[in-house]
Each structure stands twice: as structure tokens, then as C-alpha cells.
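Asker: From just these sequences and the hints, can you work out the full model?
When we follow our numbering, the leftmost residue of the sequence shown carries the number 2, and every step to the right adds one.
Careful: at least some of the hints might be erroneous.
[As the list claims (entries may be wrong)] Label pairs and their computed distance ranges (CB to CB):
#, residue 1, residue 2, range
1, Gln-51, Asn-13, 28 to 34 Å
2, Lys-44, Ile-127, 35 to 41 Å
3, Pro-15, Lys-44, 20 to 26 Å
4, Leu-103, Phe-10, 29 to 35 Å
5, Val-7, Arg-130, 34 to 40 Å
[As the list claims (entries may be wrong)] As a list, the in silico DSSO-like pairs of lysine-lysine whose alpha-carbon atoms are at most 30 Å apart:
#, residue 1, residue 2
6, Lys-3, Lys-44
7, Lys-155, Lys-44
8, Lys-155, Lys-3
Hints are computed from structural coordinates only; laboratory data are not their basis. Even glycine gets a Cβ: it sits at the ideal position worked out from N, Cα and C.
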Amino acid sequence: PKNRMVATFLGNPPMNILPITYGNSLFWIANQSLTCPSTIREKLQPQDGQQFDLGIRPEHIQVVSPSGLLPRSDKFVDDLQEDIWAFEKSPIDVEITVIEPLGRETLIRAYIPQTDQYSIQFQVPINYRIHQGDRLTVKLDFNQILIFDSTTGKTLYP
Numbered sequence: 002p003k004n005r006m007v008a009t010f011l012g013n014p015p016m017n018i019l020p021i022t023y024g025n026s027l028f029w030i031a032n033q034s035l036t037c038p039s040t041i042r043e044k045l046q047p048q049d050g051q052q053f054d055l056g057i058r059p060e061h062i063q064v065v066s067p068s069g070l071l072p073r074s075d076k077f078v079d080d081l082q083e084d085i086w087a088f089e090k091s092p093i094d095v096e097i098t099v100i101e102p103l104g105r106e107t108l109i110r111a112y113i114p115q116t117d118q119y120s121i122q123f124q125v126p127i128n129y130r131i132h133q134g135d136r137l138t139v140k141l142d143f144n145q146i147l148i149f150d151s152t153t154g155k156t157l158y159p
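Answerer: Structure follows, in C-alpha cells:
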């Protein structure tokens, strides 16, 4: 998509938009950090303290279970690029607020603890046992993220 407005308008459920701040080769979402892959750094040339909006669709977020990633019905883990896949270094802890069964999958709405304003939604298999108030770790597929200018909304990456 050309900009943040188009990205959030298309798709159901809608794309997650998370405000991020760049610093020391990391993207910061509230008090949690995500490794910023070199391919993104090379394209954006970000400065420490620079703010962006990170966009990611719910289907490109995966829950981490004690034994590893939850299985998915799509090719989420099969189509990975080595450098851009900052997945193992970039977990986000979330707390579940809403659980919405959708048939084959369940839509989860959660927030990042200690920040009521940062919410995120993602999907889990319908048989995954989860309860409101549970805390989970999720990881983002960096092959699927979009980075927007936080002021203009223009797509900066990819």
C-alpha cells in the first residue's frame, strides 16, 4: 500500500499499526524492543530517536509456546529470509483482552502491558487454549511488516 490509510482500510481484520521509536539498531514499542534487521536499516537510514509506525497484519504474528512456535495453517515459517528474519530476537509480551472465535482460527485482541494505548490483534488455531488476562509472547514476521512515516503516513518500507 502507498500509505498507512490505505493499509488500514484494506483487509479484515485490519492491519495493526504500532508506534515505534528507533534507537541503537532496535525498534522500541513502548518498553519492549525489536531487532531492526540490516535490510530495513539500510533502506530507512534511521536516526536514534526517530519515530515511525510499524504495520503488520494479524495473520503475520505468531504466538510462541513453551515448545516453540504454534503451528499455522499457512506457510508462515517456510518463506523466511535469513537476515530480515529478526524473529527469534524480537518477542513482544502481550496480555489478552478479547477472544473471538472465527471458525478455523480465533482472533485475539491484546495490549502491551504497562501501556493501555498499544493494542495488537493476531490469530491462533481454534483449539488453542487461551483465556482473557493471559500473558503471551508473540513474534512478528519481519518479511511482512510495513514501516510508515509517523507524520505523513507515507509507506517507507518495503
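Asker: Are the hints correct? Go through all of them and say.
Answerer: Taking the hints in turn, this is what the structure says about them:
Range check, Gln-51 to Asn-13: about 31 Å between beta-carbon atoms, so the 28 to 34 Å window is met. In this structure the supplied range 35 to 41 Å holds for Lys-44 paired with Ile-127, their Cβ-Cβ distance being about 37 Å. The beta-carbon spacing between Pro-15 and Lys-44, approximately 25 Å, falls within the hinted interval of 20 to 26 Å. The hint said 29 to 35 Å for the Cβ distance between Leu-103 and Phe-10, and at roughly 20 Å that hint is violated.
Between Val-7 and Arg-130 the beta carbons are some 36 Å apart, a value that agrees with the proposed interval 34 to 40 Å. For the proposed pair Lys-3 and Lys-44, the alpha carbon gap of about 16 Å is at most 30 Å, so the pair holds. Distance restraint check for Lys-155 and Lys-44: the Cα-Cα separation of roughly 14 Å lies within the 30 Å cut-off, and the hinted pair is therefore satisfied. A hinted pair counts as satisfied when its Cα atoms are at most 30 Å apart, and Lys-155 with Lys-3 qualifies at roughly 7 Å.
The structure fails to meet hint 4 from the earlier list, while all remaining hints are met.
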